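Top line first, the protein sequences correspond to chains A and B.
Residue 1 is where the first sequence starts when you use this note's numbering, and the numbers rise one by one after that.
Residue 1 is where the second sequence starts when you use this note's numbering, and the numbers rise one by one after that.
Just so you know, the hints here were simulated from the structure itself, not pulled from any lab data.
Predicted model only: the values in this text are computed from it and were never measured.
Hints are not guaranteed to be accurate.
[Stated by the list, open to error] Below 25 Å or equal to it, Euclidean Cα-Cα: the simulated DMTMM-like pairs (lysine to aspartate or glutamate) are:
1. Lys170(A) - Glu120(A)
2. Lys95(A) - Glu331(B)
3. Lys92(B) - Asp137(A)
4. Lys75(A) - Glu295(B)
5. Lys338(A) - Glu353(A)
6. Lys212(A) - Glu295(B)
7. Lys143(A) - Glu331(B)
8. Lys75(A) - Glu303(A)
9. Lys102(A) - Asp160(B)
10. Lys174(A) - Asp217(A)
11. Lys68(A) - Asp393(A)
12. Lys170(A) - Asp183(A)
13. Lys95(A) - Glu295(B)
14. Lys102(A) - Glu285(B)
15. Lys95(A) - Glu248(B)
16. Lys195(A) - Asp160(B)
17. Lys357(A) - Asp384(A)
18. Lys95(A) - Glu143(B)
19. Lys92(B) - Glu63(A)
20. Lys143(A) - Glu248(B)
21. Lys195(A) - Glu285(B)
22. Lys92(B) - Asp393(A)
23. Lys382(A) - Glu356(A)
24. Lys338(A) - Asp137(A)
25. Lys212(A) - Glu285(B)
26. Lys195(A) - Glu208(A)
27. Lys170(A) - Glu142(A)
28. Lys212(A) - Glu143(B)
29. Lys143(A) - Glu356(A)
30. Lys200(A) - Asp393(A)
31. Lys143(A) - Glu285(B)
32. Lys309(A) - Glu295(B)
33. Lys7(B) - Glu331(B)
34. Lys195(A) - Asp393(A)
[Stated by the list, open to error] The following residues of chain B were derived to be distant from chain A, with all beta-carbon distances above 10 Å:
35. Tyr46
36. Leu50
37. Pro158
38. Ala185
39. His218
40. Glu248
Where a beta carbon is used, it is the ideal one built from N, C-alpha and C, also for glycine.
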Amino acid sequence: MVNGNRRRILKAGAAAGALGTLGLPLEAWSQAGDIVVGAAPPITGVFAFAGVGLNAGLADYCEWRNTKGGVAGRKLRYISEDSGYKVDQSVAIFKKIMANNKPPVFYGDSTGWAKAIAPEVSSLGTVMTCSPSFSSDLANPEKVPFYFMAGPTYEAMVAILLEYIQRNAKGSQKPTVAFVYSDTEFGRDPIAASKARAEKMGIPVVLEVITKPGAVDVSAEMIRMRRAKPDYVIFHGYVLAPIPEFLRQMREAGLKSVGMGTIWSMDRSTLDAMGAAGDGFTGIMPYRYSFDYVRTPAFTEMEAFGSRKPNNPWQTMFYTHGWLVGTLFSEIIDRTLKAKKELTGPNMKAALESIEKFDTGGIFGVPISMKNHSIPVGRVYKVDYTGRNVVADSDWITIAS
Amino acid sequence: MRVGDFKASYAHDEALFDTPTQRAWFGVLIVAALAFPLLGGNYLTYLACLLGIHLIAATGLNIITGYTGLISLGHAAFMGVGCYVAAWLANKGVPFWLTLPAAGLVTALVGVVVGIPSLRIKGLYLAVATLAAQFVLGFVFREWESFTGGVRGANIPPADLFGLALNTDTRLYYLILGLVVAMLAAARNLFRTRVGRAFIAIRDRDISAEVLGISLFHYKLLAFAIGSFYAGVAGGLFGYFFRAVTPEVFGFAQSIFYLAAIIVGGLGSILGTVLGAVFMTMMPEILRTALTIVEQLGVSDAGVFLAPLRAVVFGLLIVGFLILEPHGLAEIWRRVRRFFHLWPFRT
Chain A
1 MVNGNRRRIL KAGAAAGALG TLGLPLEAWS QAGDIVVGAA PPITGVFAFA GVGLNAGLAD
61 YCEWRNTKGG VAGRKLRYIS EDSGYKVDQS VAIFKKIMAN NKPPVFYGDS TGWAKAIAPE
121 VSSLGTVMTC SPSFSSDLAN PEKVPFYFMA GPTYEAMVAI LLEYIQRNAK GSQKPTVAFV
181 YSDTEFGRDP IAASKARAEK MGIPVVLEVI TKPGAVDVSA EMIRMRRAKP DYVIFHGYVL
241 APIPEFLRQM REAGLKSVGM GTIWSMDRST LDAMGAAGDG FTGIMPYRYS FDYVRTPAFT
301 EMEAFGSRKP NNPWQTMFYT HGWLVGTLFS EIIDRTLKAK KELTGPNMKA ALESIEKFDT
361 GGIFGVPISM KNHSIPVGRV YKVDYTGRNV VADSDWITIA S
Chain B
1 MRVGDFKASY AHDEALFDTP TQRAWFGVLI VAALAFPLLG GNYLTYLACL LGIHLIAATG
61 LNIITGYTGL ISLGHAAFMG VGCYVAAWLA NKGVPFWLTL PAAGLVTALV GVVVGIPSLR
121 IKGLYLAVAT LAAQFVLGFV FREWESFTGG VRGANIPPAD LFGLALNTDT RLYYLILGLV
181 VAMLAAARNL FRTRVGRAFI AIRDRDISAE VLGISLFHYK LLAFAIGSFY AGVAGGLFGY
241 FFRAVTPEVF GFAQSIFYLA AIIVGGLGSI LGTVLGAVFM TMMPEILRTA LTIVEQLGVS
301 DAGVFLAPLR AVVFGLLIVG FLILEPHGLA EIWRRVRRFF HLWPFRT
């Protein structure tokens, strides 16, 4: 029996190996009519902290959707390979899955990926793409017609923070703002537009600090911070470091500045890692947290479905993002098929752009509409370290322009 | 069994391929390479293009480090120079047949400047000097917005060669294949000339080389120029291949990638460069395919739990090769060939 099993496994392995070597699609054996959702999530590499959750969220959504009958009566089939957060590898995975499985929708891993495959996606005209990138460059339906983002652009995120600052201004004097950002494409993305917006809103930008991503020693920058005494410090282009170090030194220097972050600094695990220094840290989250005081249908399903598996990161915002991407992919496909159109890029683009006041099951607190292939909605949350909680500190804010 | 290699003429002695068997196999290789996109599909053609670009870049590094003994940790930055020059020129409307050589030549000039410290220092000190160049050039890529597009990078229009748009992987493949063959042949021939032998003499003992009349100033900088030219051409091709470039692509990790490729393949060997580049490019893909197969055999979530192991296995393979054969994959290849040549006798 043991030998029999071993032989069977060896035979299956040999067959699979042979097919794999030839680059043939193993999935080609499975039933026709499935809708393939391709993905190159960064399960390893520097973005793995998010990639595992992104992958799990999207995979679980496809599985969950199939239990509800799939999309327009067709099952979703999720095919993914780890990109390691390397552009050449994620592009390779895209080409491989496109050649073998021809998915109408594909989820990549980065801004670099989205930019690298954009010309091919445009010329193919058969696939709608998305990724964890919220780069403002990509919210451009003319230049990148078959890409959308499941949330606001980084520019819109900072705009939401500025709106929050303005709404919370007391007295006649406008609060002052400092921008601290990493010297990366990610870090610099929203800065120029945000400075212009702040000026337009009459919010003085009193300091601009550029650091290395993950910098540790911020003493020199803190000297400038102490002089500028901003009311708000907006951090962007980081996950964790150097934010806690800045916050700690700001407290030690007696500054009352409020630290603020954008999406990738706002997962609960990251906020917890800030420790006591993170008390009062405020930031923009496009989605509800899984522990939000309001229980919505989407989170009920995520918990019920995700918690069945051990070590499933269903509580993280990364998982929520993956689930949301699955929701939007399905909605695009559903609208296209219901309009009795083929799943081509232009048809799916039309379906994407037709999304108006769409209920995401409560992932967003308001019905969403696509604007420049992005969703300019978010809410500001604040860390309550004493209560060990992250609480909503604003209504849902939509950026009109 | 082959017992010897009798050479009856100077032409035979100077031939790149000295046996009919070698020539036949090379012919088969060329035919297979020409037919490859027709049989391999889009994904494998993409990988072949990427491999070709890595091959050209790694050959450049092998000229500097493997053949001349000048350690360079800034090779990816050289590639970046080539890529940005090609991008800038392409966006100015300069035809493709001019942008690629220009990318190589400008990079060669930058390489000469970076190579100046090699006249006074060598070994680890030179490694640090070239490392500095890597970071200085990285800074330039990020900050010189009017030329590089800054951190947001630049887009590159598709290459157009005499009216033929090289806008697909298959078309680019043939261009890259041609360049790979030409540039590897040039590198192979370089080391049969006075210049190449001067490089090797410098690597083996620079003081002795100088005593023999080899100008260290001239040849060290020439080695940097030629190696950087290769990197610049590879960078230009990289830009045309991906059509978008950001500074992060040409980081320090990429320089280490090329250094690892030539060490694993075999320093001072063109064959080693080829084998090293193939190993470094294909092994992660092979490991990922293996993981996919494991998952498809029914091991649930293998992709998530085993994915981090790929990096470990990849690292162990590199270490394993280095321990078992410090002279690289090229030496393993030679041993395998020798075994078949001498069979049934043992080496």
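Comparing the hints with the structure gives:
1. Lys170(A) - Glu120(A): Between Lys170(A) and Glu120(A) the Cα gap is close to 51 Å, so the pair fails against 25 Å, i.e. violated.
2. Lys95(A) - Glu331(B): The hint is violated at about 34 Å.
3. Lys92(B) - Asp137(A): holds, 21 Å
4. Lys75(A) - Glu295(B): Given pair Lys75(A), Glu295(B) holds - Cα atoms ~20 Å apart, limit 25 Å.
5. Lys338(A) - Glu353(A): holds, 15 Å
6. Lys212(A) - Glu295(B): violated, 38 Å
7. Lys143(A) - Glu331(B): violated, 50 Å
8. Lys75(A) - Glu303(A): holds, 22 Å
9. Lys102(A) - Asp160(B): violated, 28 Å
10. Lys174(A) - Asp217(A): Violated, at about 31 Å.
11. Lys68(A) - Asp393(A): Distance of about 35 Å is beyond 25 Å: violated.
12. Lys170(A) - Asp183(A): violated, 33 Å
13. Lys95(A) - Glu295(B): Measuring from Cα to Cα gives roughly 20 Å; hence the hint holds.
14. Lys102(A) - Glu285(B): holds, 20 Å
15. Lys95(A) - Glu248(B): holds, 22 Å
16. Lys195(A) - Asp160(B): Answer violated: Lys195(A) to Asp160(B) is near 40 Å, above 25 Å.
17. Lys357(A) - Asp384(A): This hinted pair is violated, its Cα atoms lying about 32 Å apart.
18. Lys95(A) - Glu143(B): Roughly 32 Å separates the two Cα atoms, so the pair is violated.
19. Lys92(B) - Glu63(A): Since the Cα atoms of Lys92(B) and Glu63(A) sit roughly 49 Å apart, the hinted pair is violated (cutoff 25 Å).
20. Lys143(A) - Glu248(B): holds, 22 Å
21. Lys195(A) - Glu285(B): violated, 43 Å
22. Lys92(B) - Asp393(A): With Cα atoms ~50 Å apart, Lys92(B) and Asp393(A) exceed 25 Å; violated.
23. Lys382(A) - Glu356(A): violated, 29 Å
24. Lys338(A) - Asp137(A): Distance ~31 Å between Lys338(A) and Asp137(A) Cα, so the pair is violated.
25. Lys212(A) - Glu285(B): Judged against 25 Å, a Cα distance of about 31 Å means the pair is violated.
26. Lys195(A) - Glu208(A): holds, 10 Å
27. Lys170(A) - Glu142(A): violated, 41 Å
28. Lys212(A) - Glu143(B): holds, 14 Å
29. Lys143(A) - Glu356(A): Measuring from Cα to Cα gives roughly 22 Å; hence the hint holds.
30. Lys200(A) - Asp393(A): Holds: Lys200(A) and Asp393(A) sit about 24 Å apart, inside 25 Å.
31. Lys143(A) - Glu285(B): violated, 31 Å
32. Lys309(A) - Glu295(B): Holds. Lys309(A) to Glu295(B) sits at ~17 Å (cutoff 25 Å).
33. Lys7(B) - Glu331(B): With Cα atoms ~24 Å apart, Lys7(B) and Glu331(B) stay inside 25 Å; holds.
34. Lys195(A) - Asp393(A): holds, 23 Å
35. Tyr46: violated, 5 Å
36. Leu50: Answer for Leu50(B): violated, closest chain A Cβ roughly 6 Å.
37. Pro158: It is violated; Pro158(B) is separated from chain A by about 7 Å at its closest Cβ, not greater than 10 Å.
38. Ala185: Ala185(B) is indeed farther than 10 Å from all Cβ atoms of chain A, at 26 Å.
39. His218: The claim stands: His218(B) keeps its Cβ more than 10 Å from every Cβ of chain A (closest is about 37 Å).
40. Glu248: It is violated; Glu248(B) is separated from chain A by about 7 Å at its closest Cβ, not greater than 10 Å.
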